[in-house]
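Trainee: Sequence:
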Amino acid sequence: MNPEQNNNINNNNNTVSTNQANNSNILAGSPGVVVAPVGSLPVDASSADKGAVNGVSNINTPTVNSNTPTMTSPVTPPTPPVAPAVAPVATPPEKPKKKSHKAFVFIFFLLLIIGALSYYIYTDYRKDQARGECSPLVASDNSVRELDINSSIVQELYNKVKTNIREDLAYHNFDDVFKLYLAYRQIPHSDIYDSNCNLFDESVMSNFTCSSVPSFTPNAFKEESLQREVKKLFGESVEIPNQNIVLGNSCFGGYQYIAKRGEYVQGYCGSVPTTSYNVEKKLLSASVQGDTITIRENVRYYSAQGIDNDQLQNGVYVHTFKLDNHYHYAYVNRTIEGA
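Heads up: the sequence shown begins at 742 in the numbering used here, then just goes up one per residue.
Calculated from the structure, these hints are not laboratory results. One or more of the hints may lead you astray.
[To be verified] Straight-line distance between alpha carbons at most 20 angstroms, and here's what the computed EDC-like set of lysine to aspartate or glutamate pairs gives:
{"#": "1", "residue 1": "LYS920", "residue 2": "GLU965"}
{"#": "2", "residue 1": "LYS920", "residue 2": "ASP932"}
{"#": "3", "residue 1": "LYS901", "residue 2": "GLU980"}
{"#": "4", "residue 1": "LYS1063", "residue 2": "GLU887"}
{"#": "5", "residue 1": "LYS1063", "residue 2": "ASP932"}
{"#": "6", "residue 1": "LYS972", "residue 2": "GLU887"}
{"#": "7", "residue 1": "LYS1063", "residue 2": "ASP1032"}
{"#": "8", "residue 1": "LYS1063", "residue 2": "ASP909"}
{"#": "9", "residue 1": "LYS920", "residue 2": "ASP1065"}
{"#": "10", "residue 1": "LYS1023", "residue 2": "GLU908"}
{"#": "11", "residue 1": "LYS1022", "residue 2": "ASP909"}
As the structure is a prediction and not an experimental result, all values here were calculated from the model.
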(Lines of atoms letter the chains of each structure in order from A and count residues from 1; the text may use other names and numbers.)
(Lines give C-alpha, C1' and ligand atoms only; values in the text may rest on other atoms or scores of the structure.)
Protein backbone atom coordinates (compact mmCIF):
# COMPACT_ATOMS: atom_id res chain seq x y z
CA MET A 1 0.00 0.00 0.00
CA ASN A 2 1.45 3.25 -1.01
CA PRO A 3 1.47 6.42 1.08
CA GLU A 4 -1.29 8.01 -0.93
CA GLN A 5 -3.64 5.15 -0.13
CA ASN A 6 -2.79 5.42 3.58
CA ASN A 7 -3.64 9.08 3.52
CA ASN A 8 -7.03 8.32 1.96
CA ILE A 9 -7.84 5.72 4.61
CA ASN A 10 -6.90 8.12 7.39
CA ASN A 11 -8.99 10.81 5.84
CA ASN A 12 -11.96 8.44 5.67
CA ASN A 13 -11.53 7.45 9.29
CA ASN A 14 -11.39 11.09 10.31
CA THR A 15 -14.55 11.72 8.36
CA VAL A 16 -16.36 8.88 10.12
CA SER A 17 -15.17 10.08 13.51
CA THR A 18 -16.28 13.56 12.70
CA ASN A 19 -19.69 12.28 11.58
CA GLN A 20 -20.02 10.17 14.72
CA ALA A 21 -19.18 13.18 16.81
CA ASN A 22 -21.73 15.20 14.98
CA ASN A 23 -24.30 12.40 15.23
CA SER A 24 -23.90 12.35 18.98
CA ASN A 25 -25.71 15.66 19.00
CA ILE A 26 -28.69 14.22 17.10
CA LEU A 27 -31.64 13.03 19.27
CA ALA A 28 -32.15 9.30 18.87
CA GLY A 29 -35.20 8.45 16.80
CA SER A 30 -35.71 12.11 15.88
CA PRO A 31 -33.66 12.95 12.85
CA GLY A 32 -32.87 16.58 12.51
CA VAL A 33 -33.65 17.50 16.15
CA VAL A 34 -30.72 19.06 17.88
CA VAL A 35 -30.16 18.44 21.56
CA ALA A 36 -28.69 21.34 23.41
CA PRO A 37 -25.53 20.74 25.32
CA VAL A 38 -25.78 19.78 28.98
CA GLY A 39 -26.25 22.78 31.17
CA SER A 40 -27.98 24.04 34.27
CA LEU A 41 -30.27 26.52 32.51
CA PRO A 42 -34.03 26.18 33.20
CA VAL A 43 -36.35 24.81 30.57
CA ASP A 44 -37.85 27.51 28.40
CA ALA A 45 -41.48 26.49 27.82
CA SER A 46 -41.65 28.68 24.74
CA SER A 47 -38.92 26.70 23.01
CA ALA A 48 -41.42 23.89 22.36
CA ASP A 49 -43.27 26.24 20.07
CA LYS A 50 -40.02 26.81 18.14
CA GLY A 51 -39.38 23.10 17.46
CA ALA A 52 -36.33 22.84 19.76
CA VAL A 53 -36.06 21.76 23.35
CA ASN A 54 -33.50 23.43 25.53
CA GLY A 55 -32.84 20.93 28.23
CA VAL A 56 -30.50 18.28 29.49
CA SER A 57 -30.42 14.97 27.54
CA ASN A 58 -28.81 11.81 28.89
CA ILE A 59 -29.36 9.78 25.70
CA ASN A 60 -26.18 8.31 24.19
CA THR A 61 -26.53 8.05 20.48
CA PRO A 62 -24.93 4.93 19.04
CA THR A 63 -22.75 5.06 16.00
CA VAL A 64 -24.91 5.10 12.97
CA ASN A 65 -23.87 2.78 10.17
CA SER A 66 -24.80 4.13 6.85
CA ASN A 67 -25.66 0.58 5.77
CA THR A 68 -27.90 -0.17 8.81
CA PRO A 69 -31.49 1.06 8.66
CA THR A 70 -32.35 3.61 11.36
CA MET A 71 -35.12 2.67 13.87
CA THR A 72 -37.32 5.63 14.58
CA SER A 73 -38.92 5.76 18.05
CA PRO A 74 -41.90 8.00 18.83
CA VAL A 75 -41.06 11.36 20.31
CA THR A 76 -42.54 12.02 23.71
CA PRO A 77 -43.86 15.61 23.71
CA PRO A 78 -42.60 17.72 26.53
CA THR A 79 -44.98 18.10 29.46
CA PRO A 80 -46.35 21.63 29.43
CA PRO A 81 -45.45 23.50 32.58
CA VAL A 82 -48.24 23.94 35.10
CA ALA A 83 -49.06 27.56 35.58
CA PRO A 84 -48.78 28.64 39.21
CA ALA A 85 -52.05 29.21 41.01
CA VAL A 86 -53.05 32.79 40.76
CA ALA A 87 -54.29 34.24 44.00
CA PRO A 88 -57.70 35.92 43.63
CA VAL A 89 -57.40 39.63 43.39
CA ALA A 90 -59.01 41.19 46.42
CA THR A 91 -61.72 43.67 45.47
CA PRO A 92 -60.94 46.95 47.12
CA PRO A 93 -63.65 47.98 49.59
CA GLU A 94 -66.22 50.35 48.19
CA LYS A 95 -65.54 53.85 49.24
CA PRO A 96 -68.30 55.25 51.43
CA LYS A 97 -70.46 57.71 49.65
CA LYS A 98 -69.97 61.24 50.54
CA LYS A 99 -72.25 62.33 53.34
CA SER A 100 -72.24 65.97 52.45
CA HIS A 101 -75.32 65.67 50.24
CA LYS A 102 -77.30 63.73 52.84
CA ALA A 103 -76.30 66.17 55.55
CA PHE A 104 -77.45 69.07 53.41
CA VAL A 105 -80.84 67.45 52.80
CA PHE A 106 -81.26 66.66 56.52
CA ILE A 107 -80.41 70.22 57.55
CA PHE A 108 -82.79 71.60 54.92
CA PHE A 109 -85.73 69.53 56.15
CA LEU A 110 -84.86 70.30 59.78
CA LEU A 111 -84.94 74.02 59.07
CA LEU A 112 -88.20 73.56 57.17
CA ILE A 113 -89.82 71.81 60.13
CA ILE A 114 -88.57 74.43 62.58
CA GLY A 115 -89.92 77.18 60.35
CA ALA A 116 -93.31 75.48 60.06
CA LEU A 117 -93.57 75.01 63.83
CA SER A 118 -92.57 78.60 64.46
CA TYR A 119 -95.20 79.83 62.01
CA TYR A 120 -97.87 77.61 63.61
CA ILE A 121 -97.03 78.80 67.13
CA TYR A 122 -97.05 82.43 66.02
CA THR A 123 -100.39 82.19 64.20
CA ASP A 124 -101.94 80.28 67.12
CA TYR A 125 -100.69 82.98 69.47
CA ARG A 126 -102.24 85.68 67.29
CA LYS A 127 -105.56 83.81 67.22
CA ASP A 128 -105.54 83.46 71.00
CA GLN A 129 -104.70 87.12 71.32
CA ALA A 130 -107.58 88.04 69.02
CA ARG A 131 -109.93 85.89 71.12
CA GLY A 132 -108.70 87.53 74.27
CA GLU A 133 -107.13 84.32 75.53
CA CYS A 134 -103.66 85.75 75.89
CA SER A 135 -102.43 89.24 76.27
CA PRO A 136 -99.29 91.35 76.32
CA LEU A 137 -101.15 93.85 78.52
CA VAL A 138 -99.73 92.69 81.84
CA ALA A 139 -97.75 95.54 83.40
CA SER A 140 -95.04 95.14 86.01
CA ASP A 141 -95.72 98.44 87.78
CA ASN A 142 -99.38 97.59 88.63
CA SER A 143 -100.56 100.90 87.23
CA VAL A 144 -104.07 101.36 85.80
CA ARG A 145 -104.26 101.90 82.05
CA GLU A 146 -107.30 102.59 79.95
CA LEU A 147 -108.07 100.28 77.05
CA ASP A 148 -109.82 101.05 73.79
CA ILE A 149 -113.37 99.70 74.16
CA ASN A 150 -113.35 98.86 70.44
CA SER A 151 -110.18 96.78 70.68
CA SER A 152 -110.44 93.11 69.82
CA ILE A 153 -109.63 91.91 73.32
CA VAL A 154 -112.26 94.08 75.01
CA GLN A 155 -114.95 93.19 72.47
CA GLU A 156 -114.14 89.50 72.72
CA LEU A 157 -114.43 89.43 76.50
CA TYR A 158 -117.56 91.53 76.53
CA ASN A 159 -119.37 89.36 73.96
CA LYS A 160 -118.79 86.30 76.14
CA VAL A 161 -120.68 87.69 79.13
CA LYS A 162 -123.22 90.25 77.90
CA THR A 163 -126.88 89.23 77.99
CA ASN A 164 -130.07 90.39 76.30
CA ILE A 165 -133.30 91.55 77.94
CA ARG A 166 -135.02 88.15 77.74
CA GLU A 167 -132.11 86.43 79.46
CA ASP A 168 -132.09 89.13 82.16
CA LEU A 169 -135.80 88.65 82.78
CA ALA A 170 -135.42 84.86 82.95
CA TYR A 171 -132.56 84.80 85.45
CA HIS A 172 -130.70 87.44 87.39
CA ASN A 173 -128.40 85.51 89.76
CA PHE A 174 -124.68 85.16 89.11
CA ASP A 175 -124.45 81.53 90.31
CA ASP A 176 -123.46 78.09 88.99
CA VAL A 177 -126.58 77.71 86.85
CA PHE A 178 -125.92 81.04 85.18
CA LYS A 179 -122.24 80.18 84.71
CA LEU A 180 -123.14 76.86 83.07
CA TYR A 181 -125.50 78.73 80.78
CA LEU A 182 -122.75 81.17 79.74
CA ALA A 183 -120.36 78.25 79.18
CA TYR A 184 -123.01 76.46 77.09
CA ARG A 185 -123.19 79.53 74.85
CA GLN A 186 -119.47 79.11 74.04
CA ILE A 187 -119.78 75.51 72.76
CA PRO A 188 -118.99 75.38 69.00
CA HIS A 189 -121.82 74.27 66.74
CA SER A 190 -119.62 71.42 65.54
CA ASP A 191 -119.81 69.87 69.04
CA ILE A 192 -123.64 69.87 69.08
CA TYR A 193 -125.35 67.00 67.29
CA ASP A 194 -128.75 65.36 66.76
CA SER A 195 -129.64 62.81 69.42
CA ASN A 196 -132.62 61.03 71.02
CA CYS A 197 -134.86 61.20 74.11
CA ASN A 198 -133.55 58.05 75.80
CA LEU A 199 -133.61 58.44 79.65
CA PHE A 200 -134.92 62.03 79.41
CA ASP A 201 -136.94 62.76 82.60
CA GLU A 202 -139.74 65.19 81.83
CA SER A 203 -140.72 65.54 85.50
CA VAL A 204 -137.61 67.43 86.59
CA MET A 205 -137.78 70.25 84.05
CA SER A 206 -140.95 72.29 83.86
CA ASN A 207 -141.98 73.58 80.44
CA PHE A 208 -139.81 70.94 78.77
CA THR A 209 -140.67 67.63 77.19
CA CYS A 210 -138.98 65.31 74.71
CA SER A 211 -140.46 62.01 73.55
CA SER A 212 -144.09 63.20 73.77
CA VAL A 213 -143.58 65.63 70.91
CA PRO A 214 -144.00 64.00 67.48
CA SER A 215 -141.09 64.31 65.05
CA PHE A 216 -138.97 66.20 67.59
CA THR A 217 -135.25 65.45 67.34
CA PRO A 218 -133.34 66.84 70.33
CA ASN A 219 -129.86 68.27 70.15
CA ALA A 220 -127.17 67.06 72.52
CA PHE A 221 -123.53 67.60 73.48
CA LYS A 222 -121.01 65.76 75.62
CA GLU A 223 -120.41 66.80 79.22
CA GLU A 224 -116.71 67.09 78.35
CA SER A 225 -117.55 69.80 75.83
CA LEU A 226 -119.33 71.85 78.49
CA GLN A 227 -116.61 71.41 81.12
CA ARG A 228 -113.98 72.44 78.60
CA GLU A 229 -115.79 75.74 78.02
CA VAL A 230 -116.29 76.20 81.77
CA LYS A 231 -112.55 76.13 82.34
CA LYS A 232 -111.84 78.38 79.38
CA LEU A 233 -114.37 80.97 80.54
CA PHE A 234 -113.98 80.82 84.33
CA GLY A 235 -110.46 79.44 84.80
CA GLU A 236 -108.67 76.11 84.85
CA SER A 237 -109.08 75.73 88.62
CA VAL A 238 -112.86 76.25 88.58
CA GLU A 239 -115.04 73.20 89.16
CA ILE A 240 -118.80 73.49 88.50
CA PRO A 241 -120.88 70.31 88.96
CA ASN A 242 -122.95 69.09 86.05
CA GLN A 243 -126.65 69.94 86.34
CA ASN A 244 -129.61 70.88 84.20
CA ILE A 245 -129.20 74.09 82.24
CA VAL A 246 -132.32 76.22 82.27
CA LEU A 247 -132.83 79.86 83.27
CA GLY A 248 -135.66 79.94 85.79
CA ASN A 249 -139.09 79.29 84.35
CA SER A 250 -138.06 80.15 80.82
CA CYS A 251 -137.14 78.36 77.64
CA PHE A 252 -133.54 79.51 77.77
CA GLY A 253 -131.11 76.65 77.87
CA GLY A 254 -133.39 73.71 78.29
CA TYR A 255 -130.66 71.02 78.39
CA GLN A 256 -131.08 68.13 80.80
CA TYR A 257 -127.98 66.44 82.14
CA ILE A 258 -128.23 62.62 81.79
CA ALA A 259 -125.32 61.17 83.76
CA LYS A 260 -125.75 57.61 82.46
CA ARG A 261 -125.29 58.88 78.94
CA GLY A 262 -122.65 61.45 79.80
CA GLU A 263 -124.61 63.94 77.71
CA TYR A 264 -126.74 67.04 77.88
CA VAL A 265 -129.98 66.46 75.94
CA GLN A 266 -132.28 69.22 74.76
CA GLY A 267 -135.95 69.34 75.74
CA TYR A 268 -138.83 70.85 73.80
CA CYS A 269 -140.30 74.02 75.30
CA GLY A 270 -143.65 75.58 74.47
CA SER A 271 -144.28 79.32 74.57
CA VAL A 272 -144.05 80.94 78.01
CA PRO A 273 -145.66 84.35 78.47
CA THR A 274 -143.28 87.11 79.53
CA THR A 275 -143.61 90.74 80.47
CA SER A 276 -142.27 93.12 77.87
CA TYR A 277 -139.27 95.17 78.88
CA ASN A 278 -136.75 97.24 77.07
CA VAL A 279 -133.16 97.87 78.02
CA GLU A 280 -130.32 100.16 77.10
CA LYS A 281 -126.81 98.81 77.52
CA LYS A 282 -123.71 100.78 76.77
CA LEU A 283 -120.07 99.88 77.15
CA LEU A 284 -118.53 102.69 79.16
CA SER A 285 -114.88 101.85 79.67
CA ALA A 286 -112.25 99.18 79.98
CA SER A 287 -108.99 99.20 81.91
CA VAL A 288 -106.14 96.91 82.85
CA GLN A 289 -104.21 96.75 86.07
CA GLY A 290 -101.54 94.11 86.39
CA ASP A 291 -103.15 90.86 85.19
CA THR A 292 -106.76 92.07 85.62
CA ILE A 293 -109.07 93.60 83.03
CA THR A 294 -112.19 95.45 84.13
CA ILE A 295 -115.07 96.27 81.78
CA ARG A 296 -117.81 98.71 82.83
CA GLU A 297 -121.24 98.56 81.28
CA ASN A 298 -124.10 100.99 81.90
CA VAL A 299 -127.50 99.21 82.08
CA ARG A 300 -130.93 100.88 82.10
CA TYR A 301 -134.20 98.89 82.07
CA TYR A 302 -137.55 100.25 80.97
CA SER A 303 -140.91 98.63 81.56
CA ALA A 304 -143.19 98.81 78.57
CA GLN A 305 -146.26 98.38 80.78
CA GLY A 306 -145.17 100.66 83.58
CA ILE A 307 -144.56 97.75 85.94
CA ASP A 308 -141.35 97.76 87.88
CA ASN A 309 -139.36 94.58 88.37
CA ASP A 310 -137.19 94.72 91.47
CA GLN A 311 -135.03 91.89 90.14
CA LEU A 312 -133.85 94.06 87.26
CA GLN A 313 -131.35 96.52 88.64
CA ASN A 314 -130.21 99.58 86.84
CA GLY A 315 -126.63 100.68 87.29
CA VAL A 316 -123.08 100.12 86.14
CA TYR A 317 -122.29 96.44 85.72
CA VAL A 318 -118.62 95.71 86.37
CA HIS A 319 -117.21 92.58 84.73
CA THR A 320 -113.84 91.44 86.07
CA PHE A 321 -111.43 89.15 84.20
CA LYS A 322 -108.13 87.80 85.47
CA LEU A 323 -105.29 86.21 83.52
CA ASP A 324 -104.78 82.60 84.63
CA ASN A 325 -101.79 80.28 84.29
CA HIS A 326 -102.94 79.11 80.85
CA TYR A 327 -103.05 82.65 79.42
CA HIS A 328 -106.85 82.83 79.45
CA TYR A 329 -108.70 85.78 80.88
CA ALA A 330 -111.05 84.07 83.30
CA TYR A 331 -114.40 85.64 84.13
CA VAL A 332 -114.08 86.21 87.87
CA ASN A 333 -117.08 88.23 88.93
CA ARG A 334 -119.96 90.51 88.04
CA THR A 335 -120.97 93.30 90.40
CA ILE A 336 -123.35 96.29 90.17
CA GLU A 337 -122.37 99.79 91.11
CA GLY A 338 -124.99 102.44 91.86
CA ALA A 339 -126.26 104.39 88.88
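Trainee: Determine for every hint whether it applies to the structure shown.
Mentor: Evaluation of the provided hints:
1. LYS920 <-> GLU965: holds (16 angstroms)
2. LYS920 <-> ASP932: holds (19 angstroms)
3. LYS901 <-> GLU980: The hint holds at about 19 angstroms.
4. LYS1063 <-> GLU887: holds (16 angstroms)
5. LYS1063 <-> ASP932: violated (27 angstroms)
6. LYS972 <-> GLU887: violated (27 angstroms)
7. LYS1063 <-> ASP1032: Holds, because 6 angstroms separates the two Cα atoms, which is no more than 20 angstroms.
8. LYS1063 <-> ASP909: violated (24 angstroms)
9. LYS920 <-> ASP1065: holds (18 angstroms)
10. LYS1023 <-> GLU908: Distance ~17 angstroms between LYS1023 and GLU908 Cα, so the pair holds.
11. LYS1022 <-> ASP909: holds (12 angstroms)
Checked against the numbered hints above, the structure breaks hints 5, 6, 8 and satisfies the rest.
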